[in-house]
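Engineer: Sequence:
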Amino acid sequence: MRQIAFFGKGGIGKSTIASNVAAALADRGLKVMMIGCDPKSDCTRNLRGDVEIPTISEVLRGKVEAQLELDEFIYGKDVKMEEVVYEGYKGVLCAEAGGPEPGVGCAGRGIVVAVELLKRIGVFAEYKPNVVIYDILGDIVCGGFGMNLRKGMADQAIVVTSADYLSIYAANNICKGIARYADRQGTPLGGFIYNVRGAVDDFELVKEFCKQTGARVIGSIPGDMNITENEIYGQTTIERQPDSDIAQRFRDLASRIMENTDRITPVPLKNEELIELAKRIREKARKQVEQKPTNREP
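For the sequence shown, my numbering gives the first residue as 43, with consecutive numbering after it.
Hints may contain errors.
To be verified - Listed below are the simulated DSS-like cross-link pairs for lysine-lysine, each with C-alpha atoms no more than 25 Å apart in a straight line: (1) 132 / 122; (2) 132 / 161; (3) 218 / 161; (4) 161 / 249; (5) 170 / 132; (6) 329 / 218; (7) 132 / 249; (8) 170 / 253; (9) 122 / 161; (10) 73 / 132; (11) 312 / 326; (12) 253 / 321; (13) 170 / 249; (14) 161 / 253; (15) 312 / 253; (16) 122 / 170; (17) 73 / 218; (18) 218 / 170; (19) 329 / 249; (20) 170 / 73; (21) 218 / 122; (22) 132 / 218; (23) 218 / 249; (24) 73 / 122.
Unchecked claim - DEER-style ranges, computed between Cβ atoms: (25) 271 / 305: 31 to 41 Å; (26) 168 / 328: 50 to 60 Å; (27) 123 / 313: 41 to 51 Å; (28) 312 / 120: 17 to 27 Å; (29) 262 / 285: 15 to 25 Å; (30) 328 / 227: 40 to 50 Å; (31) 94 / 53: 11 to 21 Å.
In case anyone wonders, no lab produced these hints; they're calculated from the structure. Ideal Cβ positions, reconstructed from N, Cα and C, are used throughout, including at glycine.
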């Protein structure tokens, strides 16, 4: 069973990429499971036609309200598979970890509990997935979210980034988390995916950042309005536009991820290196703005 974790800043396109990769692998006949590890609980929605499913956190809270003992729901004694696992496109198994109520608890810790529960109720043993994909929020690599790296939940971490500073900053923090737990059998870095977002499109800058960390770019996804349109309909590009060029990009990316054998401990950039990178990003953005024609009234 292959286990792949997608990390990245919120809004960077992790769920878009992860769900299309899941769909592409399912098209190849693989049994795929995707676990959303984001408190927004919308990671798998494009695999399910925009239909919401109960999160594991919600199900567990319901058991607490039923006044079950703590160990009864933690050890899965009163949770059924069909309460937390639902089928999506081409039989992709979908689960959403969810998160605590705002201001209460730790979402990162909740993810670990959710995955542990799936193991204890026999989900992996029952369905025997070939590939498990984790879609994990990576804005802040706090102790809770760091537990996913520390426990080595996945065979490899794939970090999604764009050329804007905040996404690179988040990617660098994720690299710090991976490096911190490298000597404790934590999840290694498999590589980066460049997803075009925001005002700056600079693949060379992203490749330079990745090279400095010691990792490589596994693949890239260009900006394409078809992706956005397909998500409005609650579908992946693989499902709604299977013959499109962008769908083929997702298939190629899925193949490269499955063939990828890189497992490294990254070397995160130092603060002064990040500051220098930020200056270059701003300079690039300014040039792009200056080159755009202005729409002024005569």
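Engineer: Now tell me if each hint is right for this structure.
Structural biologist: These are the hints, each one checked on the structure:
As the CA atoms of residue 132 and residue 122 are separated by approximately 22 Å, the hinted pair is consistent with the 25 Å bound. For the hint linking residue 132 to residue 161, the alpha-carbon distance of about 23 Å falls within 25 Å, and the restraint holds. About 28 Å separates the Cα atoms of residue 218 and residue 161, which puts this hinted pair outside 25 Å; it is violated. For the hint pairing residue 161 with residue 249, the CA-to-CA distance comes to about 37 Å; that exceeds 25 Å, so the pair is violated.
In summary, the hint linking residue 170 to residue 132 is supported, as the alpha carbons are separated by about 15 Å, within the 25 Å threshold. For the hint pairing residue 329 with residue 218, the CA-to-CA distance comes to about 31 Å; that exceeds 25 Å, so the pair is violated. Annotation: proposed proximity of residue 132 to residue 249 is violated, straight-line Cα distance about 34 Å (limit 25 Å). Restraint check for residue 170 and residue 253: not satisfied, since their Cα atoms lie roughly 36 Å apart, outside the 25 Å limit.
For the hint pairing residue 122 with residue 161, the CA-to-CA distance comes to about 12 Å; that is within 25 Å, so the pair holds. Between residue 73 and residue 132 the alpha-carbon distance is near 9 Å, which keeps this suggested pair within the 25 Å criterion. Restraint check for residue 312 and residue 326: the C-alpha separation of about 21 Å stays at or below 25 Å, so the hint holds. Distance hint between residue 253 and residue 321 is fulfilled; the C-alpha atoms sit about 18 Å from each other, no more than 25 Å.
Between residue 170 and residue 249 the alpha-carbon distance is near 36 Å, which puts this suggested pair outside the 25 Å criterion. About 36 Å separates the Cα atoms of residue 161 and residue 253, which puts this hinted pair outside 25 Å; it is violated. Of the supplied pair hints, the one linking residue 312 and residue 253 holds, its CA atoms being roughly 14 Å apart against a limit of 25 Å. With a C-alpha separation of about 17 Å, the suggested pairing of residue 122 with residue 170 holds against the 25 Å cut-off.
Between the alpha carbons of residue 73 and residue 218 the distance comes to roughly 32 Å, so the proposed pair goes past 25 Å and is violated. Restraint check for residue 218 and residue 170: the C-alpha separation of about 32 Å exceeds 25 Å, so the hint is violated. Restraint check for residue 329 and residue 249: the C-alpha separation of about 20 Å stays at or below 25 Å, so the hint holds. A distance of roughly 8 Å separates the Cα atoms of residue 170 and residue 73; the hinted pair therefore holds under the 25 Å criterion.
Taken as a hint, the residue 218 and residue 122 pair is broken in the structure, with Cα atoms around 37 Å apart against an allowance of 25 Å. Note on residue 132 and residue 218: the hinted pairing is violated, with a Cα-Cα distance of about 36 Å set against a maximum of 25 Å. This hinted pair checks out: residue 218 and residue 249 have alpha carbons roughly 18 Å apart, not beyond 25 Å. For a cut-off of 25 Å, the pair hint linking residue 73 to residue 122 stands: about 20 Å separates their Cα positions.
At about 36 Å, the CB distance of residue 271 to residue 305 agrees with the hint of 31 to 41 Å. Between residue 168 and residue 328 the beta carbon distance is about 55 Å. The supplied range of 50 to 60 Å therefore holds. At about 46 Å, the beta-carbon gap between residue 123 and residue 313 stays in the expected band of 41 to 51 Å. At about 49 Å, the beta-carbon gap between residue 312 and residue 120 misses the expected band of 17 to 27 Å.
Evaluation of the 15 to 25 Å hint for residue 262 and residue 285 yields a pass: the beta carbon distance comes to about 21 Å. A hinted range of 40 to 50 Å for the beta carbons of residue 328 and residue 227 is consistent with their spacing of about 45 Å. The hint said 11 to 21 Å for the Cβ distance between residue 94 and residue 53, and at roughly 20 Å that hint holds.
In terms of the numbered hints stated before, the structure departs from hints 3, 4, 6, 7, 8, 13, 14, 17, 18, 21, 22 and 28, listed from lowest to highest.
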